[in-house]
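Kindly produce the complete structure, drawing on both the sequences and the hints.
Keeping their order, the protein sequence lines are chains A, B and C.
In this text, residue positions in the first sequence follow the numbering used here: the first is 6, and each later residue adds one.
In this text, residue positions in the second sequence follow the numbering used here: the first is 61, and each later residue adds one.
In this text, residue positions in the third sequence follow the numbering used here: the first is 48, and each later residue adds one.
One or more of the hints may lead you astray.
The calculated DSBU-like cross-link candidates involving lysine-lysine, where the alpha carbons are at most 35 Å apart (straight line), are [stated by the list, open to error]: (1) B/K214 / A/K472; (2) A/K298 / A/K328; (3) A/K298 / B/K87; (4) A/K593 / B/K214.
It is worth saying that the hints were derived from the structure and are not from the lab.
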Amino acid sequence: MKKCKSASELASLREKLAAARDPKKPTIVICAGTGCLAYGTQKLIDNFRAEIAKRKLEGTVDVRTSGCHGFCERGPLVVIQPKQIFYQHVKTEDAGEIIEKTILGDAVIDRLVYRDPATKEKILHEHDVPFYKKQMRLIFGMNGQIDPRSIDDYIAIGGYAGLAKALAMKPEHIVDEVTKAKLRGRGGGGFMTGWKWESTAKAEGSPKYVICNADEGDPGAYMDRSLLEGNPHSVIEGMVIGAFAIGSSDGYIYVRNEYPLAVTNVTAAIESARAYGLLGENILGSGFSFDIKINRGGGAFVCGESSALFASIEGRAGEPRQKYVHATDRGLYDKPTCLNNVETWANVPPIIVKGAEWYASIGTPGSTGTKIFSLVGKINNTGLVEVPMGITLREIVFGIGGGIPKGRKFKAIQTGGPSGGCIPEKHLDMPVDFDELSKVGSMMGSGGMIVMDDRTCMVDVAKYFLKFLEQESCGKCTPCREGIYQMRTILDRISEGAGEEKDIELLEWIGTGVIDGSLCALGGTAPFPVLSTIKYFRDEYLAHIRDKKCPAGVCKKLITFTVAADNCTGCTACARVCPTKAATGEKKKVHTIDQATCIKCGACFEACKFDAITIS
Amino acid sequence: MEASRSKRNGATEAKVSEIVARYGHDKSFVIPIMQDIQREFNYLPREALDALSASLGVPQSLVYHLATFYRAFSLTPKGKYRLSLCLGTACHVRGAPQIADHITRTLGIESGETTSDGEWSFETVNCLGACALGPILVVNEEYHGQITIAKTNKVLAALGKKVETDEEV
Amino acid sequence: MADMVTLTIDGRRVTANAGTTILEAARDANIDIPNLCSNEELHPYGSCRLCMVEITHKKRQRLVVSCIHEVAEGLEVKTATERVLNVRRLVMHLLLSRNSTHPRLREIAAGLGIEKSMFPVDYKGCILCGQCVRVCREVVGVSAIGFKSRGDTRAVATPFDEPPGDCIACGSCHYVCPVGVIPMEEKDGVRRIWKTDFPMAKCSVCGKYFAPVKQLEYFRKIANLPENHFDTCVDCRSTKK
Chain A
6 MKKCKSASEL ASLREKLAAA RDPKKPTIVI CAGTGCLAYG TQKLIDNFRA
56 EIAKRKLEGT VDVRTSGCHG FCERGPLVVI QPKQIFYQHV KTEDAGEIIE
106 KTILGDAVID RLVYRDPATK EKILHEHDVP FYKKQMRLIF GMNGQIDPRS
156 IDDYIAIGGY AGLAKALAMK PEHIVDEVTK AKLRGRGGGG FMTGWKWEST
206 AKAEGSPKYV ICNADEGDPG AYMDRSLLEG NPHSVIEGMV IGAFAIGSSD
256 GYIYVRNEYP LAVTNVTAAI ESARAYGLLG ENILGSGFSF DIKINRGGGA
306 FVCGESSALF ASIEGRAGEP RQKYVHATDR GLYDKPTCLN NVETWANVPP
356 IIVKGAEWYA SIGTPGSTGT KIFSLVGKIN NTGLVEVPMG ITLREIVFGI
406 GGGIPKGRKF KAIQTGGPSG GCIPEKHLDM PVDFDELSKV GSMMGSGGMI
456 VMDDRTCMVD VAKYFLKFLE QESCGKCTPC REGIYQMRTI LDRISEGAGE
506 EKDIELLEWI GTGVIDGSLC ALGGTAPFPV LSTIKYFRDE YLAHIRDKKC
556 PAGVCKKLIT FTVAADNCTG CTACARVCPT KAATGEKKKV HTIDQATCIK
606 CGACFEACKF DAITIS
Chain B
61 MEASRSKRNG ATEAKVSEIV ARYGHDKSFV IPIMQDIQRE FNYLPREALD
111 ALSASLGVPQ SLVYHLATFY RAFSLTPKGK YRLSLCLGTA CHVRGAPQIA
161 DHITRTLGIE SGETTSDGEW SFETVNCLGA CALGPILVVN EEYHGQITIA
211 KTNKVLAALG KKVETDEEV
Chain C
48 MADMVTLTID GRRVTANAGT TILEAARDAN IDIPNLCSNE ELHPYGSCRL
98 CMVEITHKKR QRLVVSCIHE VAEGLEVKTA TERVLNVRRL VMHLLLSRNS
148 THPRLREIAA GLGIEKSMFP VDYKGCILCG QCVRVCREVV GVSAIGFKSR
198 GDTRAVATPF DEPPGDCIAC GSCHYVCPVG VIPMEEKDGV RRIWKTDFPM
248 AKCSVCGKYF APVKQLEYFR KIANLPENHF DTCVDCRSTK K
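Here it is as structure tokens:
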């Protein structure tokens, strides 16, 4: 490929590429995000290719592997273009039939069509599925239209037009535009991106660094991975625009080691962007040069914290440093550094292309634009959803997420990762934006939303997050290292029925000290899940402490498994799975569970198809 | 015996200096270099780390800190079958801890350990970002979604572990 | 001359050189702020969190560690607000659960009204202030010891928990440790530290063992001294002149 030496060369290339994309050509779009690949999608892709070859249709039918579509619950996902037929839970052996019936013929395969669980109505097209219909997929929607490995795909749908436009602008006007758009950082704190850029641009020192934080560590949040895997060029384009605005020539993408596909795709994207003259020396003939290195993380949550991330890039253990100087003045190698996360960078190109005014008109006055959330846990439609800021939690959980599986009761939604909090049902109608979430004791964080039902124990959830942070604390400062450990021990005690009422106050006291005393944001927010569950679910704590009961039936020391004789059919399923032979009984006779040998692993409960195992 | 050992060390050193050279002997790349060593040997062999410290000129104390700080590194060889169980929040609320207990009980090893016969390694990992499939068990890069105790038994049995499996599951 | 700034600490007007830390300025003004990880010879570290103070600057109030935060014109510092004391109390309860006996810790705790830790004591001795690791790296320049692991399993260790190959047995870590948990002893011409024996050099004049051989070799190397420079101890060398 020849390098584009100017914006007009890029524009004519785009025209050529767009013209070559025949909108009428039958195309099988297969989601190849990590979620779908984990379902075994690679075999499906191979089989589609083989079936096409068998029928000698290579020239007439295209197969396109795309980035994540977001509806991970229903994977593997396939969309047949241009008919826009949406197939879900597609199996490897379905490939031939799809080609025969839907592409060569005009038939729809019933069993692969999405059926609305509520209305039982069949829905043929992707955009009509309620999960997608209520979203606003400005950033994430491109994933489905492109092959992440193809820079041509990205350019054809308008990619790098923002960069071309930005290079013709004055750097300070770009910063102004981002400031006017009121874009706030999508990684956690929600800091104004424009201000960050401005400070870095004005800071003294050289070189200046531009970094993309792709160390997405919040458990249950994976939108950054899906963006980087599914549309790496949008992130790169955002970074080049930012670098030009700030005056930086060196960039890094710091990506989690656990995301191998993201590393592969972004590496390939960087190489092709360089080959096209969109990265590297003299970008689009503008005289501006900027390049990006990839740094794989070593598997440490704390490296999402800026100073720990810098330490890791510099070749040290990821321990935060307290500086009381902004990274925009002294960051990586003590030089001015602008650090934004994946989603933030991906928001930059549309702002430049369509303008700040357009962007600021989406969302709420204080939180503009859209936000991608990962909706997971006890929810029917697990997946990634992009919605305008200000939408209510209820709309996300019930409108898009399809509610709670098995008709169980919604209990809480946890947002903001381990630093966030649990929000109870009474706040379901609140609008979701940076400030509203803070008001109820949680936070936006990177956008994880974990839905919990009445079988989720809030003491257990608090314990889970503390355990996570205890293992992820770097151990440098006393309150975080020792305080989280002590809080977790107290929660252990409570979940074992050995807690006392004064433990609640003690947790609150330690929690406040850990928040006030810790060196970095990991410790500084670690107690939030505990404090927010105490605030909203104090009764559940008290049930563990006073009544020695776990109302959700989770805390092992406080529950027993018994057989409900009325429901038991004597199918022997429980006896067969029981690892300690505590569940026994003759065929077709009511079984029993021996409490002395029961280890409360839950295998019987999981195996029983007749609701005959009771947890109390 | 001695001779074969020094030969092996020689090969390790050569591999390490090749990796170090790839990064232009730049000390700030010590973590990516260690990742490459880990990938090459499946763990961080002691003689490789000694060679790294010598050829890159970084103190052993730093290498040891990095090797024990970052989760991606292991100072002991991993087993033939490497089980990684996701303990992300979504997997947790869907019952992953019970699976972890079950694996520990069945294989007799805690998370982070390898069986003495070198067959099995077990580790719990933070969110893999495939939450729709939770709980997820990854065995040597192969994903097993919506795993249950019964399904875990089937996976282990398929790899040669003697466990009772339930045909109906 | 460096720029001077005026700030108030607990209501007292204090002047200090720009660039000094609040802790240094307080020390010069004889205002006591307890601390464990700070050491004038070492770069500020901010790990023990004991020296926290509450500051008001440009109407913004917040907690900072005084060993790192620098003085500024008009800065208002309060060293003992209830919020500050609560953090300090928590820190001392936590540190006493690692080391319940050392007099220095007990004294700081007593100053906060704490007699013993509210948490169960799991005696580890080391309070992880990191002074030993930092002195070895920043002052001695050998980085023979370091940290290992993370979170509550973090510890000071020799590489691979083996006899430290880079150690010169200078004893700096032993001397700098605020709670005296790095043992060092000398017997029969051998210095023992980090569970390793280091032979001592014998003075060719007086016959006394005066320093570890490895330490002398290291000094000779970095200062480019002649081969026989350390044949005699310092005392004999100065009397020879």
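* Given pair status - B/K87, A/K298, alpha carbons within 35 Å -> 16 Å, holds
* Asked: Given the hinted pair A/K298 and A/K328, is their alpha-carbon gap at most 35 Å?
  -> 26 Å, holds
* Regarding the pair B/K214 and A/K472, is the alpha-carbon distance no greater than 35 Å? -> 29 Å, holds
* Asked: Holds or violated: are the alpha carbons of A/K593 and B/K214 at most 35 Å from each other?
  -> 25 Å, holds
In summary, the structure agrees with every hint in the numbered list given earlier.
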